[in-house]
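Chemist: One-letter residues, chain by chain:
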Amino acid sequence: MIKLENVTKVFANQETPAVKNLNLHIKKGEVCVLVGPSGCGKTTTMKMINRLVEPTEGTVYIDGKDTSTVNPIELRLNIGYVIQEIGLFPHLTIAENVATVPREKKWPAERIRQRVEELLNLVGLDPQVYGNRKPADLSGGQRQRVGVARAMAADPPILLMDEPFGAVDPITRAKLQNEFLRIQEQMQKTIVFVTHDIDEAIKMGDKIAVMRKGELVQYSTPEELLSAPANDFVAKLVGKNRSIKRLHLIRVDRVLGSNHNVPVVKKNTPVRKLEELVDGSEIGAVLVVDERDRLLGLASAVDIREAGGGVAGDIYQPLPNTIGVGATLSDALSVMLNYGEGYVAVVDKANQLTGIITLGFLLGLVKEDAA
Amino acid sequence: MQLKSWLARVAVPLGLILAGVAVAVYFVENPGGAMAARVLSYPKVIRLINEHLLMVVVSSSLAIAAAVPLGILISRPALRVLGIIIENIINVAQTVPSLAVLALFMTILGLGFKTAVFALWLYSLLPILRNTYAGIKSVPPDVIEAARGMGMTPLRILTRIELPLAYPIVMAGIRTAVVVNVGTATLASFIGAGGLGMMIISGISVSRPTLVLCGALLSAIMAILFDNVLGQVENYLLDRG
Amino acid sequence: MDFWSFVNSRWDKIFALTIEHGVLILTAMAAAIVVGVVVGVLITYYNPAAHAVLYICQILMTVPSLAMLGLLIPLLGIGFWTGVVGLILYSLLPIVRNTYTGIREIDPAILEAARGMGMNERTILLKIKLPLALPVIMAGIRTATVMVVGIGAIASYVGAGGLGEFIFRGISRYNKDMILTGAICVSVLAIAADLILKLVEKKASFR
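Protein chains in written order, with this note's numbering: chain A, 752 to 1122; chain B, 75 to 315; chain C, 20 to 226.
Rather than coming from a laboratory, the hints here were simulated on the basis of the structure. Hints may be right or wrong, so weigh each one.
What the hints assert, rightly or not - Derived lysine-lysine pairs resembling BS3-like cross-links, with alpha carbons at most 25 Å apart:
1. B:Lys211 to C:Lys195
2. A:Lys885 to A:Lys779
3. A:Lys885 to B:Lys188
4. A:Lys926 to A:Lys954
5. C:Lys217 to B:Lys188
6. A:Lys816 to A:Lys926
7. A:Lys754 to A:Lys954
8. B:Lys188 to C:Lys195
9. A:Lys1018 to A:Lys987
To be verified - Computed footprint of chain B on chain C, listed as stretches where at least three residues anywhere in the stretch have a Cβ under 8 Å from a Cβ of chain B:
10. 28-41
11. 90-103
12. 123-132
13. 170-184
This structure is a prediction, so every number in the text was calculated from the model and none was measured. Ideal Cβ positions, reconstructed from N, Cα and C, are used throughout, including at glycine.
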């Protein structure tokens, strides 16, 4: 989707380049976080994507197209842009602010009105209440929401966000981050996100690009970053209590997949079949789902043996210890401790089973770091 | 409702005009001596008011027409250095007293109405130019950056973001310039441009306080009238967005 | 080079008139600062009066300076003191307004802290309010001084002396060199006053 090839930027009157020979490939639908200390070139890198800064050398491709051949205005109209200071236009109402890009694109008025309403609802601001207010009447967190809504107004496939939650208090920030992740789950935008906060990077990023003095130090998933820092600089950046931090920062949907061996069966599976499966189960039980993969409960080895016949749907027990896909591993651990079980099922909004986290897996993660 | 707000708008300017007429009529009817009566006749008073108005209106509107575009021009990022230089020149030039400006141009352009209009034009150019420049420069950089990042063209940023935000400051500059201009125009009489200053100068030279008072009141009323009308124009345009 | 020979032949006159102009301005400003700051402080304690006082000062400013000076002649006659009073009236608005806003814009938390520490109003005014408002007051004094240098030139017409004499005599005799001398001297004086007071202002704001 976005590809930076040997990109270098040297600002006028400066000897050292702000960005040095950078290569970066961001896939469609991915959140790529650029992280590093101030002056590391992360913002410059981001601004070269929408040509607010022109590269001295190298090429930026979007969808395979060299951006230097595209009219910058045209380019920017199709890339959402959010900055830390937000830059809401103080003389325009919230609705007018959000309508900026659609208006530049000459959408019909009715379509703009609908879109603005939709977006304000999406970011949790009632259009009836806030639409006609001026930015000065809003709190910092509300202004940030408007900034995000404004950037998404014309539904651009790409969003650039420069410390978008940097200017709000920690509690509001966490709330905005979670909301943003929820929105991103629906929208699946390609996002370049700049921050100096490694915790935020790990929480928000599918991929993290650590930068230092204009150079890319490491480009990997949050998990790799935590488990295998490329050098001392990255190790220091991610900090000492990495193992505990990981639990706090990694969302469960990031680690779902082949990290467990707990069988999942449909409710019409014969019990006889379960007897074979339950033997290989890490938790001595199988999970039962309905025909649409919605979680029904679990059938333990004891249940299965006592039942003798029938199907899985007849014998399962409801399972209270579940968590949502947005939760962190630390949330998963506390649910396990609450219920005194070594596992927790992960379900999405529709209660569809998306995976399972086991205590063994968590211990494995922590041990890996300790080693 | 609409009639009411319309009445409220015209009440003050109308009142000021009536006050001006009343002052003129009172002093013409009660000149306080034959000496003053020579200046205080209806045709003469009307002529002086006309001259004064003409001087102020012509020089001010030409100053607005020149200073606003020039202020926009020097606020462009490409002309940043020029902008700073001009800003500093204006700051010094504005401290030059109005009488000195009029006198200086008289030595170059000679006596008369045109010289006065030129000097008044130049003198009111400064505050308008400075405020236009300062107004645009006062737009927060993050607002411009956001607009640029969203793909607005420089022209759109100017018309939709910079000018609306700078507007109150530009208008303040225009109001100051015009009010000062009404006062400075009284000095233009010294260089033979006529206007209400004539009344004041003759009043001082022949020791007739009624003449001075009449000229003072008429020019003060004119200054307040311009300020009020411009203030209403400002609000009207602000409402229309 | 007529102009230079004119200037060279009149150095003593130029010097004398500059001094006269300076004395006129210093006298007026000294009085205006005392009156302006006192009035400015007083109206911070009584808001309704503040608006009235500031409005009156603003109206005074719209009266053309020439007319104001002319109106003072029947009361004070022709001469130095007419000029001084006229200049005082004009310099009041910037000084009163800036004293008022300078004090009003002090962070209320600072004043609350001062009261909390048991300072009385007199001490707060002298030790907290005035020092904190000083940069703003100084800015008002600078505006007033620059303006008064210019009006001082007009005051020559009502017999207050000063550099305006060159201009008015020059106009009546149509002597360009004389006009030019007066206009340049008065401009230099105004620019110099502006620069000097800017420096003082900077010093004041470092406190």
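Chemist: Now tell me, hint by hint, if it's right for this structure.
Modeler: Verification of the hints:
1. At most 25 Å may separate the alpha-carbon atoms for a hinted pair to count; lysine 211 of chain B and lysine 195 of chain C exceed this at roughly 41 Å.
2. For the hint linking lysine 885 of chain A to lysine 779 of chain A, the alpha-carbon distance of about 35 Å lies beyond 25 Å, and the restraint is violated.
3. About 48 Å separates the Cα atoms of lysine 885 of chain A and lysine 188 of chain B, which puts this hinted pair outside 25 Å; it is violated.
4. Distance check on the hinted pair: lysine 926 of chain A and lysine 954 of chain A sit about 12 Å apart at the alpha-carbon level, within 25 Å; holds.
5. Taking the CA atoms of lysine 217 of chain C and lysine 188 of chain B, the gap is about 36 Å. The hint is violated against a cut of 25 Å.
6. Among the hinted pairs, lysine 816 of chain A with lysine 926 of chain A is inconsistent with the structure: their alpha-carbon atoms are about 36 Å apart, more than 25 Å.
7. For the hint pairing lysine 754 of chain A with lysine 954 of chain A, the CA-to-CA distance comes to about 23 Å; that is within 25 Å, so the pair holds.
8. At most 25 Å may separate the alpha-carbon atoms for a hinted pair to count; lysine 188 of chain B and lysine 195 of chain C meet this at roughly 18 Å.
9. Distance restraint check for lysine 1018 of chain A and lysine 987 of chain A: the Cα-Cα separation of roughly 49 Å exceeds the 25 Å cut-off, and the hinted pair is therefore not satisfied.
10. Coverage of the region 28-41 of chain C by chain B is violated [criterion: at least 3 residues with CB-CB distance below 8 Å; count 0].
11. With 3 residues having a Cβ less than 8 Å from any Cβ of chain B, the region 90-103 of chain C passes the three-residue criterion, so the hint holds.
12. Under a criterion of three residues with beta carbons nearer than 8 Å to beta carbons of chain B, the stated coverage of the region 123-132 of chain C fails, only 0 such residues being counted.
13. Judged by the Cβ-Cβ criterion of 8 Å, the region 170-184 of chain C is covered by chain B as claimed, because 6 of its residues qualify and three suffice.
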